[in-house]
Every structure is written in structure tokens, then in C-alpha cells.
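Student: Each chain sits in its own coordinate frame; assemble them with the hints.
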Amino acid sequence: GAVVSQHPSWVICKSGTSVKIECRSLDFQATTMFWYRQFPKQSLMLMATSNEGSKATYEQGVEKDKFLINHASLTLSTLTVTSAHPEDSSFYICSATGPTANHYNEQFFGPGTRLTVL
Amino acid sequence: AQTVTQSQPEMSVQEAETVTLSCTYDTSENNYYLFWYKQPPSRQMILVIRQEAYKQQNATENRFSVNFQKAAKSFSLKISDSQLGDTAMYFCAFMKRSGSGTYKYIFGTGTRLKVLA
Chain A
1 GAVVSQHPSW VICKSGTSVK IECRSLDFQA TTMFWYRQFP KQSLMLMATS
51 NEGSKATYEQ GVEKDKFLIN HASLTLSTLT VTSAHPEDSS FYICSATGPT
101 ANHYNEQFFG PGTRLTVL
Chain B
1 AQTVTQSQPE MSVQEAETVT LSCTYDTSEN NYYLFWYKQP PSRQMILVIR
51 QEAYKQQNAT ENRFSVNFQK AAKSFSLKIS DSQLGDTAMY FCAFMKRSGS
101 GTYKYIFGTG TRLKVLA
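If you read the protein sequences in the order shown, they are chains A and B. This note's numbering numbers the first residue of the first sequence as 1 and each following residue consecutively. This note's numbering numbers the first residue of the second sequence as 1 and each following residue consecutively.
The shape of chain B in the complex, shown without the other chains (with noise of 0.2 Å):
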């Protein structure tokens, strides 16, 4: 069965400094798809950046980049030029699909990031 793990559950960082967040998960699959979603004070699930696994290139979205390492099955998550608006609850997603043939999610624990003024 797939799993995935945050093995930070609460991590801190100065504004404008940068912050990794890690993420390890476990699958026999080839082809798959990992999300973080950063989900704010609000609630509200926001995609912060995808990887596909069949592409070695790292994902990168602005300020957010990952360090996908495929052999350890590992998700990194870097967030560079902290800000306050990085201040959330971040999840790790490994997306499967079901015996059904639907794609579903699997999420991590979650990280608390703090960003500090």
C-alpha cells in the first residue's frame, strides 16, 4: 500500500530565509504524479506545485521548487524569499488510481510552516 510521510510537523523560518520541507513516500508504481498543497488559515486547499515522476527535471513555480529524488522516493519542497503569506499547513499528495480506474490522493501528515517577521 502507498504511504506517505512528513516527518516535520511543525517547522519555523525567518522571513526572506529559505525553508525545505520533506516528504518520503512509498509505492511500486512507475508512473505517478506528487502535489503540495498549502492549505492557509482560511482552509481553503491550494495546489502549490505537481511533479510528474516520469520527468527527472525538478518542478519549479516561482519562489517554490521541489527536489524530487525518484530511487529514494523522496518530495522536497523549498520555499525561497520566505513571506508571511507562506504562513500554512502543507501537505505532500502521492496520487494513485484505484482498482476502479480513479485517480485518488493520498495525503501526508501535514507541516506547520511559521514564517517569522
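Here chain A stands alone, though its shape is the one from the complex (with noise of 0.2 Å):
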């Protein structure tokens, strides 16, 4: 149980293009989702947090509106980057928690977006 999908597993698009990422909780209700940027041989690094309904919360010094995320509903998440250029290329992980994954409020994680901006 508690699986999460992402989609796409990676992309490319050209500079000053928009793209969407998705992310699903397949068999639980995900309350609260999180997007996070990974550069390579780096940490993961929090952009933001979402709870289903309500307006994402941005970490520091991430902009959000360029990093537009939404929360429509208890099984998708979607971040889009907006007017991409190649600094926005990176590998982005989201991941979820709820009442029904776990009682820990332990997240779990999809599989993670290569986004190469040419």
C-alpha cells in the first residue's frame, strides 16, 4: 500500500515553455502533498507543501510564481513550472501523507520527474 505515482518520469522542453508535473496517491487519501528539487549528488530540498483544498505553502526563496501548485483534490498534486529556463532543470520528487497511508505522518514518495529545459 501507499504508492505514488508521477507523471511524466522525465521531459524536455524548450526555454519560456510551461510544464506540468502530476503526481497521484493510487490507494490513499493524500491530504497533504510535498514537491521537492533534487540537483545531482544533492539533498532533497523542500520547494513546497499543499493540503488538498487550500493554497500551497513555499519554503524560502522559492517562487511561487513560477513553481505553480495545485491541490484539487485528495489523490493529485500538480506543480507546473512556468516560462521554464535551463537553471529550472533538475530532478523534482513529490510526495504525500494522510490519515489512511499512516499514523507517523510519514511521507511517501513517487518516483521522481527529470526535467531537462534546452
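Where hints are given, some of them may not hold.
Now the in silico label distances, taken between C-beta atoms and shown as ranges [said to hold, decoys possible]:
| # | chain 1 | residue 1 | chain 2 | residue 2 | range |
| --- | --- | --- | --- | --- | --- |
| 1 | A | I12 | B | P40 | 20 to 26 Å |
| 2 | B | Q56 | A | D65 | 34 to 40 Å |
| 3 | A | H85 | B | S98 | 28 to 34 Å |
| 4 | A | S89 | B | A16 | 48 to 54 Å |
| 5 | A | G61 | B | S42 | 27 to 33 Å |
In silico DSS-like links for lysine-lysine, alpha-carbon gap of 27 Å or less [to be verified]:
| # | chain 1 | residue 1 | chain 2 | residue 2 |
| --- | --- | --- | --- | --- |
| 6 | B | K104 | A | K41 |
| 7 | B | K96 | A | K64 |
| 8 | A | K55 | B | K55 |
In short, the hints are calculated from the structure, not lab data. Beta carbons: idealized from backbone N, C-alpha and C, even for Gly.
Tutor: Below you can see the structure in the form of C-alpha cells.
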């Protein structure tokens, strides 16, 4: 149980375009979802936290107009990178948690999405 | 502010041997959770083990065990009988409750473990 999927697994786009990444909880209700960014050989950096039906809370230094997060249902959150530039190229990971998944507030991670902006 | 420190950027161990990865953290809280995650080359984050701070007994999961020293704020991971499949990046994580009531992870910088045949 507690499976999280991400789509797409990798995407290449041109500079200036927008890219949407989906994160789904497949077998539990994700009341909270998280979006991370990971550079090569580095740790995960939390970008934002979203609660279902509420606006996302962004970490300091993360541009909320550039990284749009929507968490409209208990099983789906989306991250849209707007007007992407080469410096946005990275590995993006989502995670999810909810009372029906566990009682530890433990996060379950998606497999990640590799974004390359040309 | 809470911080998590992993002082060993890289380690290697011979297959079937035992290795210990260190993690220290800083917090003023009394109740919290600690986790070790494994990130293999596929980059999928996999939970290895969790420890509840109010439990004095060290958590164990098959070949994986922790040495949790609450007073010293230390949370090391011991891998026994290392296998080639244990080759991965290992992250220590501290879970804290934010001001909004959401529980967040703070990750360490990671230790890259290579198991040698």
C-alpha cells in the first residue's frame, strides 16, 4: 500500500514554455503533498507543501509564480513550472501523506520527474 | 532551527560486512520522528527504518538497525551482512511539526554507500 506515482518520468522542453508534472496517490487519500527539488549528488530540497483544497505554502526563496502548485483533490497534486529556463532543469520529487496511509505522518515518495530545459 | 548532519559523504564496505552510517541532529523538541531513507540509482526514495523519539528501544528491520542516542542527538544506521543491492545514497531525516501544523522532513546531506563485491 501507500503508492505514489508521478507523470511524466522525464520531460524535455524548450526555454520559455511551461511544463506540468502530476503526482498521484494511488491507494490512499493524500491530505498533504510535498514537492522537492534535487540537484545531482545533493539532498532533497523542499519547495512547497500543499494541503488538499488550500493554497500551497512555499519555502523561503521559492518563487510561487514560477512554480504553481495545485492540490484540488485528495489524490492529485500538480506542479507547473512556468516559463521554464535551463536553470530550472532538475529532478523533481513529490511525496504524500494522509491519515489513511499511516499514523506516523510519514511521507511516501513518487519516483521523480527529470526535467531538462533546452 | 533544526538541522541534520551526515558527516560521511561517501563510504564503502565489502559484501557481507557491516557498516555504520552516522547522523546527528539538533532540536529543542522532545517528541519527534527520525527516518533513514535509501535512494538507489533509480532515485526512488525508499524508507529503510523509522524511530520514534519517545521509544528508548532501538528500531530494527531485518539487516538494518539504528543506534538512537536521544541525549546525544545521534541516530546512526547499521547495515549488517551488506549486499550489493544496498549500494545507494542514504539520507537521514528528522520530522518536525511546522507552525501551520504540517509535519515536514528535514533531510541530511546524504551518505553515498558503495558495497564492493
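Student: Each hint should be assessed against the structure and marked as holding or not.
Tutor: Verification of the supplied hints:
1. The given range of 20 to 26 Å is respected by I12(A) and P40(B), whose C-beta atoms sit roughly 24 Å from each other.
2. At about 47 Å, the beta-carbon gap between Q56(B) and D65(A) misses the expected band of 34 to 40 Å.
3. The supplied range of 28 to 34 Å is met by H85(A) and S98(B), whose beta-carbon atoms lie about 30 Å from each other.
4. The supplied range of 48 to 54 Å is broken by S89(A) and A16(B), whose beta-carbon atoms lie about 40 Å from each other.
5. For the pair G61(A) and S42(B), the beta carbons lie near 28 Å from each other, so the given range of 27 to 33 Å is met.
6. Simply put, K104(B) and K41(A) have alpha-carbon atoms about 22 Å apart, close enough for the 27 Å limit, and the pair holds.
7. In summary, the hint linking K96(B) to K64(A) is supported, as the alpha carbons are separated by about 23 Å, within the 27 Å threshold.
8. A threshold of 27 Å between alpha carbons decides the hint, and for K55(A) with K55(B) the separation of about 35 Å lies outside it, so the pair is violated.
The structure shown violates the earlier hints numbered 2, 4 and 8.
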